[in-house]
Amino acid sequence: MTPFADFVALCRRLSTTPGRLDKRRLTATFLGSLDPAEVGTAVAFLTGRPFPPSDPRVLGVRGLPGAEGHEGGQPLMIDDVLAAFAAVADATGSGSRRGREQRLRALARRASDDQREILARIIGGEMRTGVSEGVVLEALAEMAGADLSAIRRAALFLGDLSAVAALLARGGAEALASVRPRPFVPLLPMLAEIATDFAEVLAVHGGRTALEFKYDGARIQLHRDGERVGIWTRRLSDVTRSLPDVVALARRDLGSGPFIVDGEVVALDAAGRPLPFQELMRRFRRIHDVEAAVAEMPLALHLFDCLVAHGEPLIDRPYAERWDALARLTRGRFLAERRIVTTGDEALEFRARALAEGHEGVMAKDLASAYEPGGRGKRWFKLKAAETIDCVIIAADRGSGRRIGWLSNYHLAVRDGDGFADVGKTFKGLTDAEFAAMTDRLWTLAVADDGYTVRVTPEVVVEVEYNEIQKSPTYPSGLALRFARIARIREDKAPGQATTLEELTALYERQFATKGRGAPRGSRVRLRTPPGAAERGGAAGGM
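Everything in the sequence shown is counted per the numbering used here, starting at 2 for the first residue and increasing by one.
One should not assume that every hint holds.
Below 35 Å or equal to it, Euclidean Cα-Cα: the simulated DSBU-like pairs (lysine-lysine) are [claimed, not checked]: (1) 383 x 429; (2) 379 x 429; (3) 472 x 429; (4) 426 x 472; (5) 472 x 383; (6) 426 x 383; (7) 472 x 385; (8) 426 x 385; (9) 426 x 379; (10) 472 x 379; (11) 385 x 429.
Keep in mind that the hints were calculated from the coordinates and are not lab data.
Please work from the sequences and hints to get the whole structure.
Shown next as structure tokens:
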């Protein structure tokens with residue numbers, strides 16, 4: 002068993018070590034010194050998580066409570082910390098809130114001041130070591146003498162870096178060969194780049210592309226093996242209990258599996274028309290009176306990809322083959338509306354139809370493309386009617402006038418490497434009820450308050466409409482959104498799935514190409530954010 006003090010010492014060294022290579026070596030050496038049973042836990046702690054991503058438990062606390070003095074006695078071990086976190090997460094029923102606090106206070110009393118600080122960082126999700134999941138992947142490769150691409154692929158299949166670490170610790174590099182996509186281990190979704198011109202899409206896809214309706218719904222991954230069915234969101238949250246109607250449909254109308262299919266669910270009104278995305282999110286958050294919610298808000302299922310069919314992984318097969326497998330699995334039902342086009346006119350006609358039916362636009366997919374979990378590239382494009390990007394709220398100003406008492410002017414940022422870059426502010430787009438709810442949420446994420454602006458942990462993702470992208474002398478990013486407006490709160494996206502500064506720069510260049518005002522390629526300035534903030538992000542992009 003390894004003392005927690007050793008982990009704390011590693012965090013201290015990492016926080017004062019500037020180079021990525023040195024951070025990787027320190028991390029690899031530490032992980033290699035652990036008992037194999039501890040490696041997965043250490044990786045979770047290093048990435049600011051009390052539990053591995055595949056463990057659905059949460060602590061349900063705001064932070065580490067204060068504790069006077071230090072009990073001494075037996076030194077605190079890494080396994081002791083995990084056991085304490087588990088006891089906190091498992092506390093339920095009457096008095097559970099007080100019980101959780103008492104358990105954490107007992108843990109804090111066993112810890113030294115340095116250890117308490119690191120415990121607080123793990124609980125808050127901000128390790129401030131500068132070690133991203135990418136660094137941990139590289140450290141695992143060094144520790145096990147394994148190929149980095151093989152480790153990355155295993156992490157995508159398992160959806161859990163801690164699980165990969167534990168596998169390597171027990172079986173070495175050879176153990177990776179056994180990792181395959183399998184039902185009930187959700188995969189990160191493949192993502193799409195933004196495009197604005199069908200001619201560009203057709204050129205990239207070799208003159209022929211598959212267009213699908215882009216629904217204003219929620220991405221889901223549907224798994225089945227026999228009678229067991231599981232449903233996960235794009236953030237790999239298990240929503241099976243919230244969608245009993247989709248579970249019943251899968252059992253009744255889809256093959257018995259084993260299979261994994263990718264798709265979207267859309268909420269419908271009484272006339273069968275798509276409801277706004279925010280309405281759909283009510284269904285996803287519902288855990289009580291679910292049957293009533295099913296009756297009030299029926300869902301339409303639209304499937305567009307097949308990752309596993311009859312137990313056989315298909316992600317390395319071309320999109321055209323995966324579509325055929327999906328059609329066989331579903332017997333042609335529940336498929337996304339789709340058309341293969343070869344001209345811009347055909348594409349425009351198809352998108353016009355999608356928009357007329359109340360959908361967001363279209364997806365364009367290369368017929369030869371493999372499925373890349375968590376990947377984003379030119380194999381898939383999304384083309385909407387109005388341009389939007391996904392931003393992260395990194396701060397908010399105190400409201401005035403009719404908005405007094407709220408945090409209502411939101412500082413918007415895009416991803417920039419391991420940090421975030423400011424690109425604008427907005428107080429537009431939310432209802433009064435949403436302002437109030439957002440204020441409560443942001444206060445729980447607050448990390449600094451100067452009396453006017455409250456800095457927050459970058460966690461809330463919002464879809465932002467804008468009129469134009471402009472050069473900005475104000476923001477270190479060099480870019481700003483003109484007339485920014487929040488279109489919706491993206492509960493289904495993680496900070497690591499926000500638009501990147503590189504993508505925003507590309508949109509800027511494309512936007513002004515005909516006016517001769519393109520931004521210089523590669524011009525970018527990093528904006529520092531609260532240390533460790535980006536480490537919680539996860540995979541890149543949005544669909």
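Tested hints:
no.: 1; hint: 383 x 429; result: holds, 25 Å
no.: 2; hint: 379 x 429; result: holds, 32 Å
no.: 3; hint: 472 x 429; result: holds, 21 Å
no.: 4; hint: 426 x 472; result: holds, 15 Å
no.: 5; hint: 472 x 383; result: holds, 25 Å
no.: 6; hint: 426 x 383; result: holds, 25 Å
no.: 7; hint: 472 x 385; result: holds, 24 Å
no.: 8; hint: 426 x 385; result: holds, 23 Å
no.: 9; hint: 426 x 379; result: holds, 30 Å
no.: 10; hint: 472 x 379; result: holds, 26 Å
no.: 11; hint: 385 x 429; result: holds, 21 Å
In this structure, every one of the numbered hints holds.
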